[in-house]
Amino acid sequence: MRRHAPVRPLPGRAGRVREIFTVPFPLLAAPRRHVLALLAALSVAACGGGGGGDGAETPPAQPPVVERPATRADAARFLTQASMGPTEAEIDRVVSLGYAGWIDAQLALPAVSHRAHWEARDAAIRAATPGSTAGADQVFESFWKQAVTGEDQLRQRVVWAMSQIFVISMADDAVGNNPRAVAAWLDMLGEQGLGTYRELLESVSRHPMMGTYLSHLRNQKANARTGRVPDENYAREVMQLFSIGLVELNEDGSPRLVGGNPVDTYDSDDISGMAQVFTGWSWACPSAPDNGCFSQGSVDGVSDPDRTFKPMVAYPQYHSTDEKRFLGTTIARQSAADPAASLRVALDALANHPNVGPFIGRQLIQRLVTSNPSPGYVRDISRVWANNGRGVRGDLKAVVRAILLHPEARATPTDTSGKLREPVLRLSAMLRAFNYRSDTGNWRVGNTDNPASSLGQTPMRSPSVFNFYRPGYVAPGTQSAARGLAAPELQIAHETSAAGIVNYLRDAVAQGVGATNTLAGVTRRDIQADFSAELALAPDAAALVDRVFTRLLPHTTVPAELRSEIVAAVGSIAIPTSGSTATALRNRVNAALLLTVVSPEFQVQR
Amino acid sequence: MSASKPVIPVPRLDAAERGGRRVFLRQAGAMGLLAGAGAPLALNLLAASQAAAQTASDYRAIVCVFLFGGNDSFNMVLPTDTDSWAAYTTTRNQAPDSIALLAPGTAPVAGAAAGSPARLGGVLPLSPIDAQGRSFALHPLLAPLVPLFNTQRRLAILPNIGPLVLPTTKAQYNQRTHPRPASLFSHNDQQFTWQALGPEGTTRGWGGRIGDMLAARNSRAAFTAVSASGNAVFLAGNSVRQYQLGSSGPTRIAADSSGRTYGSTAVTAALERIVSRSRGTHVLEADLAAVSQRAIEAEAALRTALPAAGTAPFGTPPASGTYNPNNDPLLRYTNPLTGAAAASGLAQQLQVVARMIEAGRQGLTGVTRQVFFVSQGGFDTHDLQNRNHADLMARVGHALAYFDGVMGALGAQNSVTTFTASDFGRTFTSNGDGTDHGWGSHQFVMGGAVRGGNLFGRFPTLATKNTNNNNFDGSPDQLGNGSLLPTTSVDQLGATLARWMGLTESQVIEVFPNLANWNASVRDLGLFSA
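Protein sequence lines correspond, in order, to chains A and B. Residue 240 in the working numbering is what sits at position 240 of the first sequence, and the numbering runs on without skipping anything. Every number in the working numbering is 606 more than the matching position in the second sequence, counting from 1.
Any given hint might turn out to be false.
Stated by the list, open to error - Partial chain A-side listing against chain B, Cβ under 7 angstroms, derived:
1. T226
2. G227
3. R228
4. V229
5. L246
6. L420
7. G472
8. V474
9. P476
10. G477
11. Q479
12. L562
13. A569
14. I573
15. N587
16. V598
Claimed, not checked - Where chain A lies over chain B, by a calculated footprint (3+ residues, C-beta under 8 angstroms):
17. 789-798
18. 893-904
19. 1040-1046
20. 1067-1080
To be clear, the hints were calculated from the coordinates, so they are not data collected in a lab. Note that the Cβ used here is the ideal one computed from N, Cα and C, for glycine as well.
Next comes chain A alone, as it looks inside the complex (with noise of 0.2 angstroms):
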């Protein structure tokens, strides 16, 4: 096919790299003080324009970093960020730590197992009813059971964020059918996630999950009696999804021109000579590398019993031995199939493209903090991504930590800053904000799809390897568009999901959240809050609503208007003065959440 030559020379490539790398930045590891002024100090550098004469923008002058919350509505707001929702007790706890020692805290913090949760579900629901089994259902409970309720809320948010990023899907029946590997999937995120990125990548590229979703599992080596040729699925996705992107970037993120024209990072015969390194390899095996083992996992009925989750291994007679070109890189033709040396070769190419910091670095941004991240705050995470400042590439602690400390973060918001809370976020947050409990302690939220009448939105099961939305969504007509924003998580705001989540969050406000239960007599929704203190409110409806503005919007200042309109709507629900008050009284609490949550001053992450 065609044959192009972009010049990259990797030497010549390395060199411009280890300007890079020589930025000052040793200390991201020691001790916090050191990290934030290494941030400040990098922010001012990159004002400087220091940026290696890549023909970026200058970013304008950050302010300091701010080690401390100077209120509780900036802790907040860093929750926002780096948690599935505030509450007052994390708050508390921002404020009390500020905010580095909050992340160091949180990344103390051990993992919960999801694939643990799963278990335990499976052998209770096989107990309980003889011939039944767990399903996808239990990889929900799980994960809103920890999103609400898990301590290392920093792991929760990271987790989310790279199942954004390192997409696998239950949408698609060959892994909906395997819940308790998707469990092991979110597992896998929670570790690796916040380890480096050439580990997270090869754990992502050898999951069998990934592998059924993207067909590089028992994908073969051409044929050339026959024409066969590899499957360049994963091969092609690896590139464009998972590591560096369809266009060569800059530090700060922005393409790279060639006369004034983006250049292609890869092109079909990168592809191809990638799609053979993904060849020969499939499920773990007790008699792997067996043909019997690579085609259905087992051999005689024997297997093993964690395959859909334990690494791929290789199967030598199914790799190519060719040689293989991509990326500038060359594997020589091997004498002897060796699939573990070609996928070494080809994913430390891939982990070491200067793309991967600036691309997946962006992303995490636009996930936790900003769907349009400045310049210079990609090229300052690019920089920690390159080097936590002790030699080590792709800390994505270091990354995370960055992000969230970085002075674009802690600045005062603008109108164009922040994010929209994606739908799940958006139901995390009242979950949390007001300490739902869930009554069989399974977190029974289901499937959250439907647009029309739910949140059109359900963890693992986006509806293909591109996500819910994309990173460099525009949309048309819109005010951000005309100022030239990316606003990914509009890509699935529509006429019909605005209806939708407004009415699934009115009946989750009064009835509960999920699946109904009859536990001890009584019927009613799985996951409940407790609104005592709120119904001993409700008699005064401004004292009702000002509660439920500081449980649900403590990060932003409550415009008067909104405030004025919630509070003339709960007042208008009369109480009897004979009789039961309590329906009205419910009803009050009830009004004053959901005008709040349907507001667009809540589902917005300014």
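Starting from the structure of chain A, add chain B where the hints point.
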């Protein structure tokens, strides 16, 4: 405003009466309806006219059926002449799971694996008006489309169409300097390019741009561009904005049938104001509010305008209880993997499109020109292609035939033209049980106005892969892995549809500037009778 939905005044608004808009603006402001970017829609709604002059005979619509993932059209429309068939069978019959469909007349084998070529039986012969010296057939599960092509002549085939900047030969393609669409072979970018003539990030689609040009014919521009799928850039114009309509019709926000939320009309009223207004100056708040505002206004307008889903010809009245489209036999297709009837999301989307079309033809929604978008996902058949593609072909065949039938019952066939589109075609080669990303593909165009029963454009030559490299030297139309280099551009199709909708030649060139790169004689595909 009151708790119940405001009754929007709908005075006549001719071009000469634009001054009247100021009145509506004030009224709208007083009602709290205007919020930032939503204003144009509010104006359009407020300006809506019952359009007494409208009649069904003046109505036209195009419907885009987008096949997300990249449809393997090599297995949808097949050349069955000896040379083509030999190249096809040689290339696609690969271990472990041959994806080579079987010759016409091959009897299905009941015991063969579900979805396998043997189970499906032979491909279904077509009888084109001009067979280009070859012979053709459809996928075995497209039986519902065969009579539409062969006898009723309402179905046409567009061979080897795809995005192009200008006519391109294989030799030109192999020169790096020859212009080509950006990010070929990439799903998201080629979805955008088919819909909006540019890669991801493009914000104007050619369906929406056609709508822009025709909006003056619609007194309610809000319903010019309607998606029954999600947000689709295809429908975004300069002024026209997509309206998203769920398969079961519009969703009312919060209120029950008596206009109450938690028993209160005041809460409903407050909620409508809160969601549809932005109090601060944050752009995302304004953008969100605009969406909600459109949702409220459109639902109020459509609540009574749409014919019921559970009535003929759109659906089957339920024997008892509430209508459920999942149970409507008219909307269920036969799943080839199970042999059982199953619900079809694509048919359900086309059902609501049909209801909108009928409301439009009856003058109830203030439109005479509409552009619709529906979709079916799952076409990215890198593996397990036999099973997955068989199921998808069954869905497409059923849904298109259902829609044609409803249009026929409404007498609307001549007013509605439906076409398929997809990210890209796929590779001609097999990876053992599937196919990879390609470029050109075959598509359908369907409607009473279409000169059906024919192929519009040259059907590509199919060859086998070279022994020593990935080229297909036997074909001027095939690139690496046998992907097709398109010989018809999306612009040519769009322009042809745009003219049928009523755009002038200068408007066509404005929407499709690259069309100027083609000779004037081929800027129209001749799909419609003059």
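Okay, the hints, checked on the actual structure:
1. With its C-beta approaching chain B no nearer than about 6 angstroms, T226 of chain A sits inside the 7 angstroms limit, and its interface hint holds.
2. The beta carbon of G227 of chain A is positioned within 7 angstroms of a beta carbon in chain B (closest approach about 5 angstroms), and the interface hint is therefore held.
3. The interface hint given for R228 of chain A is met, as the beta carbon of that residue sits about 4 angstroms from the closest beta carbon of chain B, less than 7 angstroms.
4. For the restraint placing V229 of chain A at the interface with chain B, the shortest Cβ-Cβ distance is roughly 5 angstroms, inside the 7 angstroms limit, so the hint holds.
5. At its closest, the beta carbon of L246 of chain A sits 6 angstroms from a beta carbon of chain B; the interface hint therefore holds under the 7 angstroms criterion.
6. Hint status for L420 of chain A: holds, given a least beta-carbon distance of 5 angstroms to chain B, under 7 angstroms.
7. Interface restraint check: G472 of chain A against chain B, minimum CB-CB distance 5 angstroms, threshold 7 angstroms, status holds.
8. Hint status for V474 of chain A: holds, given a least beta-carbon distance of 5 angstroms to chain B, under 7 angstroms.
9. The criterion of a C-beta within 7 angstroms of any C-beta in chain B is met by P476 of chain A, whose closest approach is roughly 3 angstroms, and the hint holds.
10. About 5 angstroms separates the beta-carbon of G477 of chain A from the nearest beta-carbon of chain B, less than 7 angstroms, and the hint is met.
11. Because the closest C-beta pair between Q479 of chain A and chain B is about 4 angstroms apart, less than 7 angstroms, the hint holds.
12. The restraint placing L562 of chain A at the interface with chain B holds, with a minimum CB-CB distance near 6 angstroms, inside the 7 angstroms limit.
13. At its closest, the beta carbon of A569 of chain A sits 4 angstroms from a beta carbon of chain B; the interface hint therefore holds under the 7 angstroms criterion.
14. Interface restraint check: I573 of chain A against chain B, minimum CB-CB distance 5 angstroms, threshold 7 angstroms, status holds.
15. Against a cut-off of 7 angstroms between C-beta atoms, the interface hint on N587 of chain A holds, since the closest Cβ of chain B lies about 4 angstroms away.
16. With 7 angstroms as the threshold, the beta carbon of V598 of chain A comes within range of chain B, its nearest partner Cβ sitting at about 5 angstroms, so the hint holds.
17. Under the rule that three or more residues need a Cβ within less than 8 angstroms of chain A, the assignment of the segment 789-798 of chain B holds, with 6 such residues.
18. Taking a C-beta to C-beta cut-off of 8 angstroms, the segment 893-904 of chain B contributes 9 residues in contact with chain A, enough for the three needed, and the coverage statement holds.
19. Only residues whose C-beta sits within less than 8 angstroms of a C-beta in chain A count toward coverage, and the segment 1040-1046 of chain B has 3 of them, enough to reach three; the restraint holds.
20. Against chain A, the segment 1067-1080 of chain B contributes 5 residues with a C-beta closer than 8 angstroms to a partner C-beta. That satisfies the three-residue criterion, and the hint holds.
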